[in-house]
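With the hints as your guide, set chain B with the ligands onto chain A.
Those sequence lines, one after another, are chains A and B. According to my numbering, the first sequence holds residues -1 to 708 in order. According to my numbering, the second sequence holds residues -1 to 708 in order.
Honestly, the hints are just simulated from the structure, not real lab data. It is possible that some hints are incorrect.
Not everything, but these chain A residues come out facing chain B in the computed CB check (under 10 Å) [to be verified]:
| hint | residue |
| --- | --- |
| 1 | 255 |
| 2 | 286 |
| 3 | 294 |
| 4 | 306 |
Cβ atoms here follow ideal geometry from the backbone N, Cα and C, with glycine treated the same way.
Number of protein chains: 2
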Amino acid sequence: MSAQDAPVLEHGPCANSKEWASQLETLKGLPESYSLSKTLVFKPKTPKTQTATLVVVVALEDTTTPSSEIQKTLDTKDTRMANEDAVNAALGVKPTDVSPLTITKDNSSAVQVLLDQRLVDAPKVAIHPSGSSTTSFVSGADLKLYLEETGVRVTVHTFNTATIERRNEEKPKVDLQKAPTKSTRAADARIPDAELIGITTQKEIDFSNWYQQVLTKGDMLEYYDISGCYILKPWSYGIWEKVQDWFNINIKSIGVENCYFPMFVSSRVLEREKDHIEGFAPEVAWVTKAGQNELEEHIAIRPTSETVMYPYYAKWIRSHRDLPLKLNQWNSVVRWEFKHPQPFLRTREFLWQEGHTAHISQRSAEEEVLQILDWYADIYSELLAVPTIKGRKTENEKFAGGLFTTTCEGYIPTTGRGIQGATSHCLGQNFSKMFNIIVEDPSWKEGDPEEAKKLFVWQNSWGLSTRVIGVMTMIHGDNKGLVIPPRVAQYQVVIVPCGLTAKTTDEERKKLLGGVEDIASTLSKAGIRVKADTRDTYSPGYKFNDWELKGVPVRLEFGPKDMEKKQVLSARRDTGIKAGIPLSGLAEKVQALLDTIQKDLYDKAKKAYDEHTVIVKKWENFTPALNAKNVVLMPHCDRDECEDEVKERSKGRKDDDDAPEDAKAPSMGAKSLCIPFDQPKGDDAIIPGTTKCAQCGENAKHYTLFGRSY
Amino acid sequence: MSAQDAPVLEHGPCANSKEWASQLETLKGLPESYSLSKTLVFKPKTPKTQTATLVVVVALEDTTTPSSEIQKTLDTKDTRMANEDAVNAALGVKPTDVSPLTITKDNSSAVQVLLDQRLVDAPKVAIHPSGSSTTSFVSGADLKLYLEETGVRVTVHTFNTATIERRNEEKPKVDLQKAPTKSTRAADARIPDAELIGITTQKEIDFSNWYQQVLTKGDMLEYYDISGCYILKPWSYGIWEKVQDWFNINIKSIGVENCYFPMFVSSRVLEREKDHIEGFAPEVAWVTKAGQNELEEHIAIRPTSETVMYPYYAKWIRSHRDLPLKLNQWNSVVRWEFKHPQPFLRTREFLWQEGHTAHISQRSAEEEVLQILDWYADIYSELLAVPTIKGRKTENEKFAGGLFTTTCEGYIPTTGRGIQGATSHCLGQNFSKMFNIIVEDPSWKEGDPEEAKKLFVWQNSWGLSTRVIGVMTMIHGDNKGLVIPPRVAQYQVVIVPCGLTAKTTDEERKKLLGGVEDIASTLSKAGIRVKADTRDTYSPGYKFNDWELKGVPVRLEFGPKDMEKKQVLSARRDTGIKAGIPLSGLAEKVQALLDTIQKDLYDKAKKAYDEHTVIVKKWENFTPALNAKNVVLMPHCDRDECEDEVKERSKGRKDDDDAPEDAKAPSMGAKSLCIPFDQPKGDDAIIPGTTKCAQCGENAKHYTLFGRSY
Ligand SMILES: [Zn+2]
Ligand SMILES: [Zn+2]
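Okay, chain A solo, but in the shape it has when bound (with noise of 0.2 Å):
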């Protein structure tokens, strides 16, 4: 059958290849194996008098692409991904629509092919003949037929995935109907090339596929069919559960209390502070229906909980007496972002806490703002082993209707951007004025003015949410797959018995997996959380690049040999070392392994954030400070123009306009992160009056943090 004759089957439509696959797991009568494709296309660098050819990248799905290869393949220069216009003129399709049979006679001039080996040798083969929500089998044969049938002149190539470390050549196809398969899954027999796919990205080359792949093929998360929305499966939930327990102590320990307001808002009270609202307007999920019956007035679900919760802390807060009123609440939001989603990072449901509190002063407010800020950053620094910077968002980033926000500010090695923590804002008066949350002044005294009795208490609201999980993979994880922080881990150690073979006797295996046993339980009474993975049908290399897969902090080796020895064979994960560790004193030894580990996990994300953190005191090395992956330290006047000024000039040239959304990063321009508490001093330090804004010349005020940034 021609590639263009193939039963067209149709579904949703798929920004991506994760939305494609969940998509055709809804449909029936699929074949019973098959690879995904993906058609990407890209542009070179052409002289302004020529017209590009665009180059039209067809592979697997799972074939690593680099821009880097098609060019030397195909002898092009700075060869990037072609932006949608670029693809619609072209091809008169939008990028996501883009399959190999867009291509056609009359078309084919304006383009070339590269066609990856791997796919010409599939012989079924998922392509969307007519735009995202539709899909059609096809084997390779007849895709490269079918192309060389239109004229346009293609290049088939071998995509050199061999530079790329991976456990294992062949991903698993996608294989719906699930049923095991005689020749891999015997019952009860040992699994001897049992197919565990590692990470088949490098992280330097292709971040943000290598962060799908350390998430999803370490257990993490799993895509959702609703766009933006991902399943937290245990092992990335048991982390939040313990970011949870910690910060609840410490909630507590100041009279936080935690409580459970509605997640559905109408929408009269929902857009009654007006500035705070104005930034979630666009992103408000609204329900309209309840069963067949449309709902008289619409009802919003809650994208934070301000307007939510303060209509009641006017009706709770009478006195002075009810203060200082502190509530939290763990639960999840909802903002409908447009804008392409990431797992933790920009989500439309996420998970969070939400703490609200009502103070009556501004002392009392700003103490308070503080701590939770300290405390956010401790989560950052002390669980999850990532630094962050403390400061005070400028006026343009600050949150919605307060006072002034701070913000602890991290920052990811691989891609240069700085990343948004968690903030803590001080809200001042603004919203207790809006919802009169008013208390009798207690130091009103008699023959004061009485308009000054009225006093608008202080408000506060911080949050933190499961970014944080994100912002953790992204910075330890790496070309094996998680690294977790002993301290969040679900299990800190996994025991791995070792030397059991064909010829070992029952009763040396009952032995050392007594053995086995025995370590398991030492290290647990000493509160150690210890994994002892006796699975009889994996082999130690599996369960090795398993449990390196998921991350797990420390990882001991026990087999006859060390039994002889009396210890263990103990390997790190984040650095590889391996040691022997004597059984005797096992569980002090094992914890203080796990201290270091800890340790050197934040020391080292310290040591890039702290030599990617430049100050630039002249405009001209700002940009190239950004290009080098850097965030930077400059001089500012702290006004809002100037600012916007900085994102304007720094960035890439137009050239790069061509570029899609991630590609567009290095070429983004800087956001303010924030004005660091901890300001440049000595010969850096600011002098007023003397020191210039880098930007524009006027004196400068702060040093603020510039970055690129997610």
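Relative to chain A, chain B with the ligands alone:
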């Protein structure tokens, strides 16, 4: 100004006075203070040949107007709330829209009015001039005048609120601006007659009003401006946290892991399991809009997560080695019921946990179902001091789409109604067949039929919700407020310093408060949750009432004389019994007292349940037993149709159908609550083939527990 000419304010519709108060809170320009009114329509029993003259009771919202008192005053018989049809026929509006102004010259002969003297005396009364979404403010005197001018018969009556135990004669007026008034709130002055308002209704007389009061005044819950949604304040949420902690430890011990699935489900996925979804479909809330954009596909908010999760179970479970898979999540679900909502028992959003597990065998699944049920029953008995009866649901009452449902059923002595506690379902293979969750049967051998290789997994799902808090409240609460069992109380002990007078020197005061702190610290170190109430603006009497209202199990009073005698005076919340406790060995004795209270609360509830669980073998005794507030163990044939007959035949007389939802309970038919695991034995035991079903006379299979229920 005459009543009908008062300005009309418009707002959202309101089904009850709580909603009305909330609606008004959103408006501007209201009077400084006012009282809400209520207008209730009753129908006396009238010979069939006559048309009933309805009784319209017009009263302040917080005046208790028992039907017994109405009957006595107006000399009517069997006077009950009139149903919608009757109200509409006489007055042309819905019951919630009735107001004094609904009565006009045209319909004044169809009704008579009973007017509350308190309302007549009130200067500003809120009424609904034309339907529940309108409000006017009029004086009670003008209202009386208006009614008299319509020609309707008006009786003014002082309702006998003195019979009801209250701490304070006047409930505070709704005071919108909430500005503290000079008279009661001079800063830093002790409040001599602080207006702590106790429960103003008796549990035995108006249970549903009592329940609302005990929850709101006991600080558990706040009504929310969206009907059916409630705010869980820290006082109740803390109980939930204790239930969570206890249950988490237990389920984790059998390998259950916590996780989080999205709250959204696509319609396609939601509707996949037809039997299952049929029950939920009319209550599903739909998101159809985000910001200003209509969504292409409407998205449901999960009413429960079977269909959310199981497509992923199909993906994750690829071999018998992946079994058992045991996941749990703590989340909120939404069921947009249109029946009358009730806090904790029937709410549109509620918090719960839902466990979803997959097993290789029926046996493994069934073992777990029962283990979980035991833990649910333990949460009730051990934590909440609530007895339940464990059993299996009948086919009629089981979870739709499952194999069988186990349940623990509670009992509310005041109303004589049963209440479902929590359910643990064995889903069998129904869902795995629908979602194609299969593994290769490890017991399959070469030569067995190929088809036998495919094993559909066995599944369970089990859930327990914040309903437990409602059940606990209904059972233990009394006319002084909440009674919280020690094991779940946020504070188990409150210490109140006593005997401080104007003559007390600063030194004596300091010494006494030092003693209070010492006691608190002693108890706290022993792991007792203790609060020292050292607020200096409230009298001890106020504090006693306050903590009684909130249900703290033990109060310790400590005054100068106690200090001399080296003792404290303890008062039990449940019994009121007071006893001195020497300071030496205080912690042990207080702990013992807490243990005794926990046990006594359970024993008391158990005794009530036992005494009201009666065996009925003859049908003629069935309804009388229900009427005497019993649940009934009846030999039953296990047939669905017979069960329907039981319900039908145990309904009250037809005349009673006029009664509204709440009052209807006594005439509601009996549902099967469960087939208890613990069947009557000895002389009562069912003899197969001999014992007959009490309803239909066929052979009895089991004793089934029937009851009027929530
Ligand atoms: Zn400037
Ligand atoms: Zn029967």
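Hint check:
no.: 1; hint: 255; verdict: holds, 4 Å
no.: 2; hint: 286; verdict: holds, 5 Å
no.: 3; hint: 294; verdict: holds, 7 Å
no.: 4; hint: 306; verdict: holds, 9 Å
The earlier numbered hints are all upheld by this structure, with none contradicted.
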